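Number of protein chains: 2
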Amino acid sequence: MDFFNCQTLAEARRLVLAHAASADIGSETVGLAAAAGRIAAADCLCREELPSFPRSTVDGYAVRSADTFAAGEGIPALLTVIGEVAMGQTTALVLGPGQAAAVPTGGMLPSNADAVVMLEHTERVDDRTLLVTKPVAPGDNSIARGEDATTGTVLVRQGQKIAPLDIGVLAACGFAEVSVYRRLKVGVLSTGDEIVDVSALPQPGQVRDINSYTLAALLEASGYTAIRYGIIGDNYASLRQKLAEAAAACDAVMVSGGSSVGARDYTVKAIEALGGPGVLLHGIAVKPGKPTIFGMVGAVPVFGLPGHPVSALIIYHQLVRPALAVMAGEKVQRVFRVPAKISRNVASAPGRDEIIRVRLLPKDGEYWAEPVFGKSGLICTMTEADGLVVIAPEKSGLYAGEQVEVEMLRC
Amino acid sequence: MDFFNCQTLAEARRLVLAHAASADIGSETVGLAAAAGRIAAADCLCREELPSFPRSTVDGYAVRSADTFAAGEGIPALLTVIGEVAMGQTTALVLGPGQAAAVPTGGMLPSNADAVVMLEHTERVDDRTLLVTKPVAPGDNSIARGEDATTGTVLVRQGQKIAPLDIGVLAACGFAEVSVYRRLKVGVLSTGDEIVDVSALPQPGQVRDINSYTLAALLEASGYTAIRYGIIGDNYASLRQKLAEAAAACDAVMVSGGSSVGARDYTVKAIEALGGPGVLLHGIAVKPGKPTIFGMVGAVPVFGLPGHPVSALIIYHQLVRPALAVMAGEKVQRVFRVPAKISRNVASAPGRDEIIRVRLLPKDGEYWAEPVFGKSGLICTMTEADGLVVIAPEKSGLYAGEQVEVEMLRC
Numbered sequence: 176m177d178f179f180n181c182q183t184l185a186e187a188r189r190l191v192l193a194h195a196a197s198a199d200i201g202s203e204t205v206g207l208a209a210a211a212g213r214i215a216a217a218d219c220l221c222r223e224e225l226p227s228f229p230r231s232t233v234d235g236y237a238v239r240s241a242d243t244f245a246a247g248e249g250i251p252a253l254l255t256v257i258g259e260v261a262m263g264q265t266t267a268l269v270l271g272p273g274q275a276a277a278v279p280t281g282g283m284l285p286s287n288a289d290a291v292v293m294l295e296h297t298e299r300v301d302d303r304t305l306l307v308t309k310p311v312a313p314g315d316n317s318i319a320r321g322e323d324a325t326t327g328t329v330l331v332r333q334g335q336k337i338a339p340l341d342i343g344v345l346a347a348c349g350f351a352e353v354s355v356y357r358r359l360k361v362g363v364l365s366t367g368d369e370i371v372d373v374s375a376l377p378q379p380g381q382v383r384d385i386n387s388y389t390l391a392a393l394l395e396a397s398g399y400t401a402i403r404y405g406i407i408g409d410n411y412a413s414l415r416q417k418l419a420e421a422a423a424a425c426d427a428v429m430v431s432g433g434s435s436v437g438a439r440d441y442t443v444k445a446i447e448a449l450g451g452p453g454v455l456l457h458g459i460a461v462k463p464g465k466p467t468i469f470g471m472v473g474a475v476p477v478f479g480l481p482g483h484p485v486s487a488l489i490i491y492h493q494l495v496r497p498a499l500a501v502m503a504g505e506k507v508q509r510v511f512r513v514p515a516k517i518s519r520n521v522a523s524a525p526g527r528d529e530i531i532r533v534r535l536l537p538k539d540g541e542y543w544a545e546p547v548f549g550k551s552g553l554i555c556t557m558t559e560a561d562g563l564v565v566i567a568p569e570k571s572g573l574y575a576g577e578q579v580e581v582e583m584l585r586c
Numbered sequence: 176m177d178f179f180n181c182q183t184l185a186e187a188r189r190l191v192l193a194h195a196a197s198a199d200i201g202s203e204t205v206g207l208a209a210a211a212g213r214i215a216a217a218d219c220l221c222r223e224e225l226p227s228f229p230r231s232t233v234d235g236y237a238v239r240s241a242d243t244f245a246a247g248e249g250i251p252a253l254l255t256v257i258g259e260v261a262m263g264q265t266t267a268l269v270l271g272p273g274q275a276a277a278v279p280t281g282g283m284l285p286s287n288a289d290a291v292v293m294l295e296h297t298e299r300v301d302d303r304t305l306l307v308t309k310p311v312a313p314g315d316n317s318i319a320r321g322e323d324a325t326t327g328t329v330l331v332r333q334g335q336k337i338a339p340l341d342i343g344v345l346a347a348c349g350f351a352e353v354s355v356y357r358r359l360k361v362g363v364l365s366t367g368d369e370i371v372d373v374s375a376l377p378q379p380g381q382v383r384d385i386n387s388y389t390l391a392a393l394l395e396a397s398g399y400t401a402i403r404y405g406i407i408g409d410n411y412a413s414l415r416q417k418l419a420e421a422a423a424a425c426d427a428v429m430v431s432g433g434s435s436v437g438a439r440d441y442t443v444k445a446i447e448a449l450g451g452p453g454v455l456l457h458g459i460a461v462k463p464g465k466p467t468i469f470g471m472v473g474a475v476p477v478f479g480l481p482g483h484p485v486s487a488l489i490i491y492h493q494l495v496r497p498a499l500a501v502m503a504g505e506k507v508q509r510v511f512r513v514p515a516k517i518s519r520n521v522a523s524a525p526g527r528d529e530i531i532r533v534r535l536l537p538k539d540g541e542y543w544a545e546p547v548f549g550k551s552g553l554i555c556t557m558t559e560a561d562g563l564v565v566i567a568p569e570k571s572g573l574y575a576g577e578q579v580e581v582e583m584l585r586c
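These protein sequence lines map, in sequence, to chains A and B.
Numbered per our numbering, the first sequence spans residues 176 to 586.
Numbered per our numbering, the second sequence spans residues 176 to 586.
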């Protein structure tokens with residue numbers, strides 16, 4: 176496979192995203208407490224005025240602000256206290272000119288009150304007499320009805336991943352239930368005659384199944400349901416059968432290779448055999464990750480990932496993850512990018528994207544990205560990186576000190 | 176409550192963390208696939224050599240590297256192929272001087288081989304004759320036995336949150352099960368006569384329960400089990416009973432106030448009534464979050480948070496979250512901080528920490544932190560911030576362009 180005959184990473188991503196966009200996984204209704212981390216299937220529009228009544232944001236006295244004009248320590252405004260608003264209750268009080276009412280934080284403002292004077296700027300002379308030592312403007316220390324949100328305000332957009340703080344906003348507006356997309360179900364297959372289960376002691380020549388555990392953990396961390404279909408030897412019939420099973424049960428499938436050429440051929444052949452569009456991409460001009468495969472079995476995308484765990488991880492991050500997010504209904508994807516300076520020269524071959532793993536080191540108020548090196552076959556270096564830096568095909572490397580963007584792997 | 180008589184945020188944090196450190200929540204053993212996001216209860220030490228055999232990292236020919244010395248396109252080295260290594264199988268081949276063996280990516284190296292020549296740097300003349308056009312050094316394109324990890328290598332440290340990529344490293348080293356700390360169980364109580372459930376239509380003067388939903392969602396996002404104890408009116412007997420119930424069932428409890436002074440008094444009184452050290456902190460010199468309470472009911476920390484959702488969120492982030500992480504056994508806490516420049520002048524009162532919410536905006540390869548303003552009573556501004564900036568007590572504000580660190584709320 177020649178790099179220059181492969182599609183670029185950008186082309187591959189466009190192809191994969193175009194197919195992901197046509198997915199329709201359906202929605203379900205969940206209780207608010209279960210909605211965090213899910214993707215909203217419809218806009219959540221506020222159906223009322225929030226707050227539903229004018230509220231005080233401090234402990235103090237509700238007033239007509241004009242009555243406090245020019246009040247000061249020397250010449251306080253003199254007001255008449257006509258009563259007290261109780262917490263959590265409606266009030267029938269109506270302020271006439273020169274009148275005030277005690278109000279607690281969160282309490283309802285009486286009619287005609289348009290501001291609240293903080294307790295510390297008042298002095299209570301007797302039951303009915305109040306001195307105000309600081310003027311307030313209309314709206315001060317209070318929130319008008321509907322000032323926070325009003326009928327039609329978009330609280331959460333369709334396609335938005337609902338964060339814990341969004342839950343608070345939805346609670347405020349009475350969303351006891353939320354319509355969310357069904358959880359994406361992704362099948363994971365590990366292939367290779369040399370692969371044994373994690374509980375086995377590998378014989379010489381064998382290695383344990385790493386990818387199905389890592390990929391399943393990444394999927395679960397994104398809020399998807401991961402189904403591990405175990406290890407399939409380099410055997411076409413077995414792979415075809417398991418892939419058919421996975422494609423029937425899941426929304427998407429990942430097959431991690433099989434580093435041998437034969438194993439990759441089996442993946443291609445099995446995808447083609449199951450009908451539908453078949454293999455749409457075989458090989459990407461990217462390092463690592465060249466032997467990546469993408470195809471469709473009916474409406475189910477199948478990703479053939481490199482067998483090497485670090486390569487599989489990088490292709491998952493660069494190609495699979497964005498596609499799954501689109502399938503899951505996530506319209507606003509936040510890939511968190513941190514600006515940094517690369518700590519040393521890095522050579523790369525032009526004509527392909529080259530993706531390096533970096534550690535982020537803070538220094539003098541900015542981040543430096545230090546490449547994680549080491550032989551590509553090493554597994555343990557996998558956890559040393561904070562993020563990835565993509566060196567574009569038109570570049571022949573990075574110079575020490577050059578500005579880069581680090582796509583965070585975890586934070 | 177006077178700011179200058181309160182403890183500082185740093186003092187409060189020290190106090191709370193000291194109590195959190197004495198928690199002992201116990202551990203359990205889980206299967207590897209369930210270990211992501213959990214905290215390791217013991218060091219995971221490699222118990223074998225990884226890889227267990229010398230492996231090729233490319234498709235090519237295993238050689239004795241000395242035999243390729245000075246090989247080039249013009250004068251290739253001439254080697255004798257004595258066989259082929261099969262994938263996933265042991266090999267009995269032994270290389271003599273001038274000999275080579277075909278080996279696939281991941282295949283085992285024959286005895287005496289110390290490097291692999293990539294396929295593209297060889298030419299097979301006939302069944303037994305190989306031309307090598309590029310020299311290799313010892314170790315090239317191969318991994319020695321134990322080069323990745325060796326007996327005793329620390330794969331995951333006690334107290335480390337196990338990330339998806341750590342799962343891969345543990346899989347490689349045969350950890351089918353992992354000892355992790357038990358999931359922290361945290362009770363959440365909302366108090367206040369004015370609070371109604373999210374499914375209710377608030378009457379004038381009432382507001383819906385926001386905090387117990389937001390806090391529970393934040394807890395679950397951190398991997399803890401959240402138990403919502405519902406809404407308790409401003410009634411000492413009810414609060415005391417629910418708090419006793421929660422403290423008996425949970426590892427820690429959060430009581431979100433009651434913005435009224437009376438409600439706060441009930442929280443203090445209920446904590447004191449349940450025995451144990453009682454209330455240890457009442458009021459912090461921080462804005463927002465001044466009315467924060469901390470106490471111990473036996474071995475169970477109880478946090479009294481401000482009633483206002485934004486204040487509750489900030490105190491959760493600054494004080495509760497680090498304490499819960501310590502209780503959960505997490506030794507290495509990654510608060511993700513992004514260096515940025517503040518976009519405008521921000522005034523703050525000296526003598527207390529002031530915490531502002533900011534949005535992060537990338538510009539010219541660096542981030543600018545734009546303060547999220549708006550009246551403190553507004554709920555919907557809660558979701559507009561990316562992170563928090565702490566203005567230290569000795570400062571009287573920030574100047575536009577000043578360097579700050581943003582503690583990320585989400586990313």
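Everything labelled a hint here was simulated from the structure, so no lab data went into it.
Careful: at least some of the hints might be erroneous.
Note that the list lumps identical chains together, so a pair holds whenever it fits in one copy or between two copies.
[Claimed, not checked] With a cut-off of at most 16 Å between alpha-carbon atoms, the simulated EDC-like pairs for lysine to aspartate or glutamate come out as follows: (1) K462 - D528; (2) K550 - D289; (3) K360 - E420; (4) K465 - D234; (5) K516 - E582; (6) K516 - E541; (7) K462 - E569; (8) K309 - D234; (9) K550 - E322; (10) K516 - D289; (11) K570 - D528; (12) K516 - D539.
Treat the numbers as computed from the prediction; the structure is a model and nothing was measured.
Here is what the structure says about each hint:
Taking the shortest alpha-carbon separations for K462 and D528, only the intra-copy value of 6 Å comes in at or below 16 Å, while the best inter-copy value is 48 Å. Taking identical chains as interchangeable, the C-alpha atoms of K550 and D289 lie at most 16 Å apart only when they sit on different chains, with a minimum of 15 Å there against 70 Å within one chain. Proximity of K360 and E420 under a CA criterion of 16 Å is satisfied intra-copy only: 13 Å inside one chain copy versus 38 Å between copies. Taking identical chains as interchangeable, the C-alpha atoms of K465 and D234 lie at most 16 Å apart only when they sit on different chains, with a minimum of 14 Å there against 65 Å within one chain.
In this assembly of identical chains, the alpha carbons of K516 and E582 lie at most 16 Å apart only when taken from the same copy (13 Å versus 21 Å across copies). Taking the shortest alpha-carbon separations for K516 and E541, both the intra-copy value of 8 Å and the inter-copy value of 11 Å come in at or below 16 Å. Within a single copy, K462 and E569 get their C-alpha atoms as close as 14 Å, which meets the 16 Å cut-off; across copies the closest is 50 Å, which misses it. Taking the shortest alpha-carbon separations for K309 and D234, only the intra-copy value of 15 Å comes in at or below 16 Å, while the best inter-copy value is 82 Å.
Taking the shortest alpha-carbon separations for K550 and E322, only the inter-copy value of 10 Å comes in at or below 16 Å, while the best intra-copy value is 59 Å. Taking the shortest alpha-carbon separations for K516 and D289, neither the intra-copy value of 53 Å nor the inter-copy value of 37 Å comes in at or below 16 Å. When the C-alpha separation of K570 and D528 is checked against a cutoff of 16 Å, the pair qualifies only within one copy, where the shortest distance is 9 Å, while the shortest distance between copies is 47 Å. Proximity of K516 and D539 under a CA criterion of 16 Å is satisfied in both settings, with 12 Å inside one chain copy and 13 Å between copies.
In terms of the numbered hints stated before, the structure departs from hint 10 and from no other.
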